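Here the protein sequences line up with chains A and L, keeping their order.
Following our numbering, the numbering of the first sequence begins with 1038 at its first residue and continues without gaps.
Following our numbering, the numbering of the second sequence begins with 1038 at its first residue and continues without gaps.
These are computed hints drawn from the structure, not numbers from a lab.
Watch out, some of these pointers could steer you wrong.
The list makes no distinction among identical chains, and a pair is therefore deemed to hold if it is satisfied within one copy or across any two copies.
What the hints assert, rightly or not - Derived pair list, reagent style DSS-like, types lysine-lysine, alpha-carbon separation capped at 25 Å:
1. Lys1049 <-> Lys1077
2. Lys1077 <-> Lys1220
3. Lys1220 <-> Lys1171
4. Lys1220 <-> Lys1172
5. Lys1156 <-> Lys1109
6. Lys1156 <-> Lys1175
Please read these numbers as outputs of a predicted model, since none were measured by experiment.
2 protein chains.
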Amino acid sequence: MLSAALELFSEKGYHNVPMHEIAEKAEFAIGTLYKFFRNKEDLYRTLILENTDRFHEALTKALEETDDEVEKLRNYVRAKGEVFRANASVIRLYLAETQGAKFNVMVGFDADIRERYGKFLQSLALVFEAGIKKKRFKRIADPYHLSVSLVNLTNAFLFLWLEEPEHHPYPEDPDTVLNILFKGLLDQ
Amino acid sequence: MLSAALELFSEKGYHNVPMHEIAEKAEFAIGTLYKFFRNKEDLYRTLILENTDRFHEALTKALEETDDEVEKLRNYVRAKGEVFRANASVIRLYLAETQGAKFNVMVGFDADIRERYGKFLQSLALVFEAGIKKKRFKRIADPYHLSVSLVNLTNAFLFLWLEEPEHHPYPEDPDTVLNILFKGLLDQ
DNA sequence: CGTAAATGTGAACGACATGTCACTATATAG
DNA sequence: CTATATAGTGACATGTCGTTCACATTTACG
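Make a model of the complete structure from these sequences and hints.
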């Protein structure tokens, strides 16, 4: 059921997928859906929460695999690529939930999702902060801003890939993304 | 009518605003709306197109005010702040249209909007390319990637501001954003 | 087997949103 | 002042979608 819903939501968006279509794709009767989920929103919520948890777990693990801050970032960019390549249809929903247009589904932000996303931003910010303290990184901006920047940078690359997979592949080498942060555009 | 629709869409999202509510807010009867717009989607489209055109014009102008590439970028970041600060309620819709979740309104991408957005990305990429040729910039990434990066970086800051205006103001000094590109995180 | 619990069904229902249309009011022009 | 165009109205037809519920089918188990 969840995977049928996932594909449809990701393709057409929450409001353009009627329950009966999900039922049909999942090869169940409508009534059965309602045995498992209180309503459409509950189904969507479960779907999103299950997936974002899986992602954030994988991404958090990527930050913990080494002590070197540069490697942590490389692992993050690499892991994000792997996770999403394997779950292409989730990306749209994930981006929709963490980026802009949340009001499209629920009117208010979903507190749970926001909180988990916020926590991840914090733990990534800690990597930058530690790197700055250890003098591995220069303090070119506030660590939290750096965290938001890197997340959005990778999202941007994911988005390019989503739109034109063959023309804009998600980079194999994490440094393709990271050099934008690592190297300065200006000399000195 | 358009400004009534704008406020409502921006607050609740396209699918959560019935036409009669727009009519009420605009102090017209429903029938009158349909004298001016063929349908709801047409109303939305007109709204978005009018605004994105205004923005892209302002942002493109910002890139043309000087010959110095660094100043062009500063003007861009500054102009983006000004434009959106003056039109807060449009940002949500603009981000929703240019970032991720387009399928939330129309099932397919809106070709017009995508095209204009793509053109702007191109002209910003030209700034980076020119800067690299003139040796003002180091070639730390593909110019188009740099363009996408800067646009997404500023969007990220706008988004922070949207969520918590007093806690995360959009930076007065454009270099707060630009240093993330200008200065390298790593030494050398 | 028999029976009870769990799982599954889909026609029917009601709420509600879009878009229409016959009509009125107002403005413009000859 | 009449005629014609334009702007405005809002009750309602039409259709869709989320959700329910009385019933059927399968499974679990003593």
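Against the structure, the hints:
Proximity of lysine 1049 to lysine 1077 under the C-alpha cut-off of 25 Å is found in both arrangements, the shortest distances being 15 Å within a copy and 18 Å between copies. For the identical chains of this complex, lysine 1077 and lysine 1220 are neighbours neither inside a copy (47 Å) nor across copies (47 Å), given an alpha-carbon limit of 25 Å. With identical chains, the CA atoms of lysine 1220 and lysine 1171 are at most 25 Å apart both within one copy (18 Å) and between copies (18 Å). With identical chains, the CA atoms of lysine 1220 and lysine 1172 are at most 25 Å apart both within one copy (15 Å) and between copies (15 Å).
In this assembly of identical chains, the alpha carbons of lysine 1156 and lysine 1109 lie at most 25 Å apart only when taken from the same copy (17 Å versus 35 Å across copies). Taking identical chains as interchangeable, the C-alpha atoms of lysine 1156 and lysine 1175 lie at most 25 Å apart only when both belong to the same chain, with a minimum of 24 Å there against 34 Å between chains.
Hint 2 from the earlier list is the only one contradicted by this structure; the remaining hints agree with it.
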